[in-house]
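Work the whole structure out from these sequences, hints included.
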Amino acid sequence: MNILVVLPILIPFVTGIILILLWNHRTAQRVLSVAGSAALFVISIILLFTVWQDGILVMQMSNWPAPFGITLVADLLSAIMVVLAGLMAISVAIYSLASMDSAREAYGYHPLYQILLMGICGSFLTGDLFNLYVWFEVMLISSFVLVALGGEPNQLEGGIKYVTLNLISSAIFLAAVGLIYGLVGTLNMADLSIQLRQSDQPGLVLTLAMLFLIAFGLKAAVFPLFFWLPASYHTPPVAVSAIFSGLLTKVGVYTLIRVFTLLFIIDTAYTHTVLMVVAGLTMLTGVLGAASQNEFRRILSFHIVSQIGYMVMGLALYTPLAIAGAVFYITHHIVVKTNLFLVSGVVYRLRGTYQLKKLGGIYSLYPLLGVLFLIPAFSLAGIPPLSGFWAKFVLIRAGLEIGQYTIVAVALVVSLLTIFSMTKIWAEVFWKADPNIDPANPPENPSLGTLAGYIVPVVALAAVTITIGLFAEPFVQLAIAAADQLLDPNQYIQAVRPELLEGIVQAQ
Amino acid sequence: MLLAVLSGFVLALLAPWLYKIGRDATGWILAILPLALFGYFVGFIEPVAHGEPVSYTYTWIPSLNVTLSFYVDGLSLLFSLIITGVGTLIVLYGSGYLAHDKDVNRFFVYILMFMASMLGVVLSNNLVSLFVFWELTSVTSYMLIGYYHEKEESRFAALQALLVTGAGGLVMLAGFVMLALQGGSWEISDLFAQANAIQGDALYLPILILILIGAFTKSAQFPFHFWLPGAMAAPAPVSAYLHSATMVKAGVYLVARLSPVLGGTEAWLYAVTGFGAVTMVIGAYIAWQQTDLKRILAYSTVSALGILMMLLGLGSEVAVEAAMVYLVVHSMYKGSLFMIAGAVDHETGERHITRLGGLLKAMPFNGAAAVLAAASMSGIPLFLGFVAKELIYEATLDAHILPLLITILAIVTNILTIVAAGMVSLKPFFGPPIKTPKHAHEAPWSMRLGPITLASLGLILGGLPFTVEEFGKLIASPAASAILAEPLEVHLHMLPVALSTVVMLSAVTLLGGIGIYLIRLPLGRVVAPLNAVSAVGPEQWYKWSLDGMMVVAKWQTRVLQSGYLRYYLIITILTTVGLAGITMVSQGVLQNLSAITMTEVYLHEIILVVVILGATVLVLRTASRLTAVAGLGVVGFCIALLFVLFGAPDLAMTQFSIETLSVILLVLVLYKLPTFTGFSTRFQRARDLVISLTGGILITTLVLIETALPINSRLTPYFAENSLTLARGHNVVNVILVDFRGFDTMGEITVLGMAALGVYGLLKLRLGQKSPDKGIKQPVIPHRTEEFYTTPVPAQEKVDS
Amino acid sequence: MQFSVILSTAIRYMLPLMLIFSIFILLRGHHEPGGGFIGGLVAAAAFALYSFTNSLTEVRQALRVEPRTLIGVGLLVAVSSASLSLFKGLPFMTGLWYSETLPVLGKIGTPVIFDMGVYIVVVGVTLLIIFSLIEEG
Amino acid sequence: MEVILAFVIGALYTAGFYMILRRSIVKLILGLGLLGHAANLMIFTIGRLTRASPPIIGHEGEALHAPFADPLPQALILTAIVIGFGVQAFAIVLVKRAYQTVNTDDFDQMRSTDLQEA
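For the protein sequence lines, the chains are A, B, C and D, in the order given.
Read left to right, the first sequence gives residues 2 to 509 (our numbering).
Read left to right, the second sequence gives residues 408 to 1208 (our numbering).
Read left to right, the third sequence gives residues 21 to 157 (our numbering).
Read left to right, the fourth sequence gives residues 9 to 126 (our numbering).
Since the hints were made in silico from the structure, they are not lab data.
Note that the structure is predicted; figures quoted are calculated from it, not measured.
Just so you know, even glycine gets a beta-carbon here, dropped at the ideal spot from N, CA and C.
Keep in mind that a hint or two might mislead.
[Unchecked claim] Incomplete in silico selection of chain B near chain A, CB under 8 angstroms:
#, residue
1, Ser470
2, Leu471
3, Phe538
4, Arg562
5, Leu580
6, Ala581
7, Met585
8, Gln963
9, Val966
10, Glu1113
11, Ala1115
12, Glu1155
13, Val1158
[Said to hold, decoys possible] Calculated Cβ distances over 10 angstroms to all of chain B for the following chain A residues:
#, residue
14, Ser143
15, Arg198
16, Glu500
So, in structure tokens, the structure goes:
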């Protein structure tokens, strides 16, 4: 037992509680929010290193042996996800200090932010299917509130769609959990892995797999379930968009990877073919959606959808290299996508709009900001040697290795279209001359130094992107090791409770 | 070697700071690096010409077989010398050309990065590293072409170049990966030995096509050639460097590099030679009809690249040797002519040859350089261009396929090339002076050095028997041997040893060129109608595909992201039913339905069920909000009763209290909302009912099947056994809630808490309007005065964002 | 809403009774149907009723703490009881039981305290929602 | 009884789906409420029905003795009910606020966040 497993949930939880108790103390809230996020980041890194060194970490909640209680499990994938959550947490927390308006701060932005993190970390760490539902709900309710907090008309409109579709997803998830319990009588994922593999109702298991695909696919915003995302992600303050864009859909992807490597592997030819189709269509529709947009954050939102397709593609290919590709892709994508939203926020801070038509001239005035945009943008587009290139390279290679030419072709086309829409932002926002230049009334152009709260996280995340790109080896190794774990569910089961494996032996 | 390749990147990053110190002298300082690198590579000439290639390997990403491995043989050395040599002159030239431009430091950054990337391309032995550098050249060229980024034309050209070469690059990447997988190695030098295996594989043809597409886009081969003239929106130094001497040759380099692996087959011969030949003719034909100095040069570059490709496709000893000599010749004359064109443009403000003339007096140095370069371009004896042209004819006459046709095409191309040479050198500098927008004067030294050096090199190398031979022995032949993967013995001669067909062809070409030059204006008018064809040319294809993509994108987004929540829901429901339903049917799950058995039912249970169904119908049909809420409440209470009946008192109590709360809440909130209005048509209602029914049927089926199966809870016996003894509670449900699965409850109360905070925040905080002050942070609102928000705000106007 | 004086007085006296009843439900929850959730709802209902007959200010005075703070405190109680075991080197939420039986409370252990946390949160949540809606008008 | 309830659940789901497909935002909320009921009843039924033996250990016994209702689905539903309540309470208020800003019950008036600005 290792306390590290539960800390990523406890730290934001306790921080959030204290922030609720310090409701009217703005300064204390700001300090604590950053401190809590920093603590989460530090602990997450320690967790990852421990898992990397000692193998999968497990904690049986309330000390009941699996499968009877709730088990927390940190394998490499979980640990990686938690580290990413920690990194985003601290980056966006700092960014929020500068960008969040005091009105929203006064109505619980900081505690909600922490509880959101708690829900995200809980989703990554739990080894129990129903408990996963609970963490999903924790995450969702916080995100619901964050989307709508402030009550601007756009927020409310987008919020309703966001809330409704996610509630549907939760309802399907809950129903599927009930059905799974009714079928095999257990909720622990390790135990489920065994029971579902040995079920005498394989057809029913596959049917339930489809329900989970829908429930998690909706959270991950895959085709054709992504509508809530472009409808809402551009409505809240940019810090909220940023943390959402980085982490929320990735929780969906994480759970897809989890259940389709651990639970539903009874007929991968069937399930993963469905996933492959989903992946291809998600990539395409997402990027085409982005191409048709003319607003900074909407383009970025559609790109989230498109990129999710790549991650699902890795899962669908279902080879060690492909899964490693998916894991690497998630790592890269979270950093890059969050950063792009942060940059959009800086531009908004400077010009007060996200409309490409009304923007321009940023590169001439702020060359550094231009570079800070180009790093994540080119990375997203897969330009080497940035992180996104390696992510795409691994997936393309994995696809070609097993002769899946169609999906590779789609991935390449989408890659080109990604370049297209990233350069569109670049050309319109940064290169083009500022369309509103009014010589009589020049716009205020604060130096970037005065925007330190905005710029520091952007620089840090850009540095991470470059590091992952230039020194990709350890990250690739990590992804490959995570993939090896994922493709051998017995490792997971062994770590949760070795006795469970006896069930397999007897059955064989 | 690693330092040699990467130093350019490092210096690029330092350039802005150096510029702050060095100002106008920065170019001279920065030029030291390419010059030093040039010297460094000169040091390789002797050993490479005599011995084995040198290779260096540095680990990078071993898990993916990616190494930073560099391979110096004749081929990569020749390219490295061009890149660094011309690079030195370009950095100087650029510093003069852009001296008064505020963004000149950015030029330095990108040009140095480009140079380093280009070095990486030609030196990399690892396919992935090569691709990395390859893409970097695309990206840096994007930034360079878009240097004058406030002009729409520049942005368009930059994007066009990036998309065309980027698309090719991505296709090529697939080819690379397949090549490496088939060949069993990611190192090019290892693949040489696998040539037979690769060429025998079923995937050979796809691999070849994919890689050639990459090379053809980069080297502006037909039908991808159009981006190159477009790229003339770039400043002159960029055109001189990227679009004549280096980047566009990357495709040529790649074809040459992979010749030993992929070359020698019929497919190779036809594809590379064919596309090369077509490109060379088309390029030359369009070139002489242009009037813009840079566009003439751009199309003639396309033509030259076609010649190079064609020669590599022919693949004979003499063809490859010709390619290498011509490559060097072209880099020198074309680089110098681009710089001269830039200087003319820079100093006169004009680059249309029809409006230029008699500049020799004002610009003697550039004029002289132009004449020298044009002479080499025209292939006049004593210039290296002549040597190249002789070799080209030798190669075409000797071709394996259609030697006559290819030779004729080559002659036509060369004749038109001579015309173009005359147009860019004679027309602006000789004849009667024409007044130009700016008062013409000679360019500064930084801008003279490059043209003069490169132009005179054609004479220096080609003007003496000794230099020609040494050039062949040390530079061209080692490069050609690398392409053929075997030592070759072709000796270069300054002048032909005997009067042969080749010499005759040269003479014809020269005379033809002069003749056509003289009648070019009337001839141009004669052929003008033919140019209508270009309206449906490849450039249009690019525009059409881009427009087409946008149409599709907008259409699919409008359809999918329609904004109607109900369509989103319909799609979601249908997807769920579809996926799960198809799976159920196809996997034979429905067979289980036969196992359903009816168990006993009591009357009070039936009554409850009827009440539930009745209340549900009421909810559906009533026009009153309150009735609907009441109906919903009845459903909830009846379910609570069911819980009581089936042994779940805790559940029942919770359901009762929650239901009460919900009803209160609904009444409180909905009280003020309007009554229902019928929005939907009868058809929509029928459609929605069918869709909903499919969802209901799916669930019913699943429940029926599952309840017919035997249950075997693996957890419950443990709870039954241990609730009291270990967890000290009689009420097992409560024990599960606070102990066995207490962690769930912790999450649950967190959800509750957040929901309450959300309700609170939603009701109190109303930032109705967009902040008026251009997105600058909301006006600071006193933090503790919550009353500030409690004043109800009237329903706001809808604000679009 | 005009309630008669009798009702208003009755509710005033019912308030403590209902609170005691809610605590009774809370405590017996471990052994009989009941528990923190239902107990909390009963307590909240008491205050809600009170708020129908009295002004919100009075209810707030009777409550003494902000409902928001109750949420925080409840969560804090829950998480503290759950964390105790960590200090003993046991997994999170492991039930620790005081060996003696206390009067009224009976056997006391961390799961019971956790349930009290639930109770407080539920009171806070319910009241926060109701108060906000009432203030909204 | 399970068979009958299976159809009741199906009916509730159908009604719920139908309601959320309306253009009225108020009906959306009612539909979500119906779906919540349906899901709870479904899990309850899936856990198999046992009449009148609550899972409470008698004061004389040490453990539960069959027949007893499966306590686990009950605990799960309890959690789900409470979570559902919290989320729905928020959703209700969200709808109310949305109604206040656009001043209509009609969802078709709420498309602006999806559409391009002209």
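Fill in: Violating hint indices (sorted, rising)
9, 11 and 14
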